[in-house]
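Undergrad: The numbers in the numbering used here rise by one with no breaks, and the one at position 26 of the sequence shown is 26.
The hints are simulated quantities; they were obtained by calculation from the structure and are not laboratory data. Any given hint might turn out to be false.
Stated by the list, open to error - Capping the alpha-carbon separation at 25 Å, the derived lysine-lysine pairs in BS3-like fashion look like this:
1) 34 <-> 106
2) 37 <-> 106
3) 37 <-> 26
4) 57 <-> 23
5) 26 <-> 65
What the hints assert, rightly or not - Derived Cβ-Cβ restraints for the label pairs, each shown as a range:
6) 50 <-> 105: 13 to 21 Å
7) 83 <-> 11: 17 to 25 Å
8) 44 <-> 68: 32 to 40 Å
9) 75 <-> 47: 31 to 39 Å
10) 34 <-> 11: 18 to 26 Å
11) 4 <-> 50: 43 to 51 Å
12) 47 <-> 10: 33 to 41 Å
13) 39 <-> 75: 44 to 52 Å
14) 91 <-> 22: 19 to 27 Å
15) 25 <-> 75: 37 to 45 Å
Since we're looking at a predicted model, the values are computed, not measured. Where is the CB? At the ideal position from N, CA and C, for every residue including glycine.
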Amino acid sequence: MPKDEQAKDSKFLESNMKSTADKLEKFISTVVEKRLKDPKIDESDKECLQHCKEVYKSALEAIQKSVEDVSCGDFFKANVDVSAFPTNIDTCDECFSEMTDPEFQKFDD
């Protein structure tokens, strides 16, 4: 692949990963935190949210690391770093599916 196409692909990939990281960070700081502070939340939902908050933070770190890898041109390392992201997110799907909060359903979709 020509260098200029690789640079273009790198910028596109970086942009998309940064956008994903921003959305994930916003979801954690607004929706998850808001629900955790809700006094009406039951204990099982609270445990789920706390666990998912940690899982999402870990996924966020993986994405941020992958952005660094891509910016250095190390696509193999970026692939390894970001490979845990879908697994981490899937960990919370079941938990969120039991919640009736539309924000969680929207994020899950």
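Undergrad: Of the hints stated earlier, which fail here?
TA: As far as the earlier hints go, 10 and 15 are violated by this structure, in ascending order.
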